[in-house]
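For this one, chain A is given, so just place chain B on it according to the hints.
Taken in order, these protein sequences are the chains called A and B.
Be aware that the first sequence starts at 1, since it is given in the numbering used here, and climbs by one per residue.
Be aware that the second sequence starts at 1, since it is given in the numbering used here, and climbs by one per residue.
There may be inaccurate statements among the hints.
Just so you know, same-sequence chains aren't split out, so a pair can sit in one copy or run between any two.
Claimed, not checked - Taking lysine-lysine and the DSS-like style, the derived pairs with C-alpha atoms no more than 30 Å apart in a straight line are:
id, residue 1, residue 2
1, K286, K234
2, K211, K162
3, K49, K267
4, K286, K33
5, K211, K113
6, K49, K113
7, K286, K49
8, K113, K267
9, K234, K211
10, K162, K234
Keep in mind that the hints were calculated from the coordinates and are not lab data.
Now for the letters of each chain:
Number of protein chains: 2
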Amino acid sequence: MKSKEQYIVGIIGLGLIGGSMAIDLKRRNFATKVLGVESEPVNAASALKIGLVDEIVSYEDCVLRSDVIIVAVPVAAAVRIVPDILDRFATLGDAAREKVVADVCSTKENLAKSVHYHPLRSRYVATHPMAGTEYSGPWAAMPGLFDGHACIICDSQESEPKAVRLMEALYDTLNMRTIYMNSSNHDVHTAYVSHISHVTSFALALTVLDKEKDEKHIFDLASGGFSSTVRLAKSNPDMWVPILSQNRENILRVMDTYIEKMSEFRKAVDEGDQERLRELINEANKIRRIIR
Amino acid sequence: MKSKEQYIVGIIGLGLIGGSMAIDLKRRNFATKVLGVESEPVNAASALKIGLVDEIVSYEDCVLRSDVIIVAVPVAAAVRIVPDILDRFATLGDAAREKVVADVCSTKENLAKSVHYHPLRSRYVATHPMAGTEYSGPWAAMPGLFDGHACIICDSQESEPKAVRLMEALYDTLNMRTIYMNSSNHDVHTAYVSHISHVTSFALALTVLDKEKDEKHIFDLASGGFSSTVRLAKSNPDMWVPILSQNRENILRVMDTYIEKMSEFRKAVDEGDQERLRELINEANKIRRIIR
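Isolated chain A (complex conformation) (with noise of 0.2 Å):
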């Protein structure tokens, strides 16, 4: 791989993570070259005029022009893709030695059972930049996005110290602080501060659709405090159907608790139990001494 240098980098999926990517590693010099693959034809048509990428390539020129190929589809794709590369620099051999694939996937754990045994594992890096907004598709796109969040890469001892460096520069370049923790952990600690809000979120809104007749009144009673609480509720089934059945096992975990607490909070209501909701609500606000 080459350092402190330009990279020829090739995005998989240009949708808010891979488009927002493209902008910046361009705008910053980490890119001479974005190279995009999108299988969404209206998709790939937009992210061209809107100036994402340099080019819209297939998914072969993709492996076989970048440096740098990074996998930015929903994780269900992304574990059929990421192996698939690896497979592509094995037939490309000497020409595929500088070449590294990482992904930007929300669970790691099945993607690093995929490819724990690929002869080319160490060209890999699973890597999770914590950044995003409720929209989706490259009209989602912005720059800045990444800056000042926080990336997380699973597993760097299988991935060459040299690509997992590349991909620490890239980070770099994004304004991300990097982390590192195995795929398993990553699962458990997204399951708990990202996943479950996504779940919360949408059980609120199809609790407040479900009964709420008059949308009018919705709409003029939503204060900010509601419409933070159910923003992720216009997260994309695309994305979120996949990461909900890959962490299955961690988010049900989570989900229990959550529901355990819930219906603690619904017994001291029913009961008309001051003492301990003022219990659950000063537990609760300790969260002030993590989220700012």
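Below, chain B alone, put in the same frame as chain A:
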């Protein structure tokens, strides 16, 4: 009541809401003078020092000297204070003929009941300015807090038209749009679009705090999505214990629906039913129609 004039405004409770009203009513020339009543000596001193109010006065003096009295204390206290102020109006006779009292509480039905048969009921206006943050106390007060939000006036037919007009003018000064509703509908609606959001945030905070022993990791991994979903969990128990108690019946109904929706999600995740997960998320996405 005077019209197109300026008023002496008395505010009982100088927290986030009372304090923020004080700021804008004074600087936008609705109030010639703002008198504050605050039972916490530290908060009273701070409110005066920050300049939220012109004077800290006794409760009795506030009722005596103010044209408009805003009761901005937790609802459990408001239920005692509002009828007491109407009693004092009665003893003041003609001197109180022009006075109006309004509350700003998040639950209304019990308050409505507490004054329903009061001979001076019509001098009270039940209002709920739907704005706020997760912070409390005079330090949390800020200019412009209410701008662009909705204010609900409940049971307006039970108040003197002149009293309602005065409060409309006051909320117009705060740049709020006014909605009219009976107090029983108000409590149902706010259970859906405000109270349940707080409960889901509290439960989320408890879930994460309970399971996640390594707080450093919560902090590192917490993305914008988590922060916005859990933000309301910082909310003050002094405010929320009374709300959850006063709006018990409605909240229980909403919590039951919520737990049911959450359980449907859990079932779909547990059974690996991706079709059903997609349906649920697509349905939840419809919140886009009503929340920007």
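Checklist entry - Is the C-alpha distance from K286 to K234 at most 30 Å within one copy, between copies, in both cases, or in neither? => result Both, since 28 Å and 8 Å are each at most 30 Å.
Item to check | Same-copy or cross-copy closeness of K162 to K234 [CA-CA at most 30 Å] | outcome: neither (39 Å within a copy, 43 Å between copies)
Checklist entry - What label fits K113 with K267 when the C-alpha limit is 30 Å: within, between, both, or neither? => result Intra 42 Å, inter 26 Å, cutoff 30 Å: inter-copy only.
Checklist entry - Between copies, within a copy, both or neither: which fits K211 and K113 at Cα up to 30 Å? => result Only across copies: K211 and K113 sit 26 Å apart there, 43 Å inside one copy, limit 30 Å.
Item to check | Same-copy or cross-copy closeness of K234 to K211 [CA-CA at most 30 Å] | outcome: both (18 Å within a copy, 27 Å between copies)
Next on the checklist: Within, between, both or neither: how does the pair K286, K33 come out at a Cα-Cα threshold of 30 Å?
Outcome noted: neither (47 Å within a copy, 38 Å between copies)
Checklist entry - When no copy is specified for K211 and K162, does a C-alpha distance of 30 Å or less occur within a copy, between copies, both, or neither? => result neither (55 Å within a copy, 36 Å between copies)
Checklist entry - Between K49 and K113, at a C-alpha cutoff of 30 Å, which is it: within one copy, between copies, both, or neither? => result Result: close neither inside a copy nor across copies, 37 Å intra and 62 Å inter.
Next on the checklist: At most 30 Å between CA atoms: does that hold for K49 and K267 within a copy, between copies, both, or neither?
Outcome noted: Neither way: K49 and K267 sit 55 Å apart in one copy and 42 Å across, limit 30 Å.
Checklist entry - Which holds for K286 with K49 at a C-alpha limit of 30 Å: within a copy, between copies, both or neither? => result The answer is between: 29 Å across copies meets 30 Å, while 47 Å in one copy does not.
Checked against the numbered hints above, the structure breaks hints 2, 3, 4, 6, 10 and satisfies the rest.
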